[in-house]
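Undergrad: Protein chains in written order, with my numbering: chain V, 1 to 145; chain P, 1001 to 1420.
Since the hints were derived computationally from the structure, they do not count as laboratory data.
Just so you know, even glycine gets a beta-carbon here, dropped at the ideal spot from N, CA and C.
One or more of the hints may lead you astray.
Claimed, not checked - Among the chain V residues that face chain P by a calculated CB cut under 10 Å, a handful are:
no.	residue
1	PHE31
2	GLY32
3	ASP38
4	ALA61
5	ARG63
6	ILE95
7	TYR98
8	VAL100
9	SER105
10	GLN111
11	ALA115
12	GLY117
13	ALA118
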Amino acid sequence: MYQGQVRILVAVIILGGHFLVFFAGLLLGIFGPLLGSDAVQTVLMASPILGVTATSALMFALRGETEIAQGSKVTTLFGFVTVFFPTALILCVFIVFYAVYKQVSGFGPDQMKIALGAIETFFGVFLGAISETLFGKRASPAVTP
Amino acid sequence: METVKRRRKLRIVLFAGATMLCLDLCPALAETLYKFRGDNASPYPWAVLAITIADGGVSGQLRPLLGDGTPPVAVSGTNSTEGVLELTMGFPSGQKQYVFKKSIKDSQIEWRTAEDKEYFFRYFDTPLSEPALTFSQHECGAMYKTLEIKFSANATAEQLEAFLARAPEVSSLPVVYSRLDEKKQTYTQISQSLAATLREGFKARAKPEPTNLNAPVGAEMYVVQKLRRSGVIAMADLDSGGCGGADRSYFVVDRRFFFDSGSFSQAKFEQFIDERLKGFAQTDKLKKSWGYRLGQRKVTRVNVPPYPSSYRIKMYVASEITRQVPGWWDSFSASFEAGELIDTKQSEYAVVVTIERLKTSKRSWGSETPPDDNFFTKDLSEFDEAEVTAALSKYLSERDGGRCVFDTEGYEREKHKSVC
């Protein structure tokens, strides 16, 4: 796998995931058990890390108006780590949303907020590093004007 | 031996003869009990009028409420015209004469003076119950639970302690006492024994406010009669109170649902509530089925006669059933306290319904059963609690041909969906 492919894949995961988390949070307020204020809080709590990373990914996508350089080949570990953490973050958020939607015992709105906070904290460091590596300034030269 | 047998036979014949004679004559001589409202010699606004009307004449007594030691007052008079009674009451302060006119209202026979200041009534289909003969009836005040007590001016602490020692079952009765905070001028509800409450009230007896307490439903009559006979109480009665919202919420059904062999059966009471609650919680008015959950019930028996029971349970029910509002699960604590009230007839028994801690949770499309307590984050108002109380009382009474009473005073009646 090449750098360019990883960047595109992770950017798609993060941008798509961010959109889906936002949308699912709103749906949780409409069809789920969350009241209006809880739904808004949920979206706000599930967004920050993903939002920051998504912004970087979006900037990266916007910079690649014509083409994105393929770059050099990356290791399997690099590819796995950069794809795994954003995917795991999005999956964890969706698992929490699903548990709330199904009204699993012990998983009320307050517990959901705690869980989202924990997930955001845990994945924050990893996604920060991934964002910097893939979409940071050093990655800019890889984009062919 | 022969003589003994003859005497025994003679006794049996005499007893049978006397019984037949009484069956024939006694009804004509039997006094009829009425509840009398008006001036009387007792400290209470109500008394019991026991009169016999025969051959155009009236004789009898105006007696105090049960437990009160005020001497009865002789009553005599005439019933010369149909529907008119001329009564003379021989009060210690002097005789008073009244003219009462008869009227029928609902299931009551009422006799009222022209000024409507004095009147008396009875049910035409059943005698007055013991609670009716014990308590005053207030237009707006309590019908159960809340009592007011005034101590005798010359009562001593030793007399109070002697009474508490004489009646340990009454002394240890758990009650809720309304303690006045002098600075804030607010009342705080304190759960403690009746003995502690009486001691506290006794210390504050110089104040004009009576001692107010909440006794267990069904035990009020025994407690009040005991207090009236204690020698330290000037007045013990249901709280005359004031008009307020949702002070009365109960349903009345036939006694057979709770009684077994003439006495109250806790097992039948539990079974009745168990079955009816399931019926209430699973189907709405449109016959649509809903998921529900009933928590662990707690049944307690009050340790004074007539040993009434209370049943407490946490319920999780669809809001379509409780408040007739779509899309929510409601959770609340429901308590059912059985007892005889002042307006229950001898063939009936009442159950006081109280709904507390009403919370709600928005129903998720992803679940068909009520969630756990973590999801119930929104508190509902007293108005909503009143709505649920009325819905539950209405269901429980209608199902078995009973009636329910729910005071909507203070609430916007037109907004109520369930009205008794």
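Undergrad: If you check each hint against the structure, which ones fail?
TA: Checked against the structure, the hints that fail are numbers 4, 5, 6, 11, 12, 13, while the rest are satisfied.
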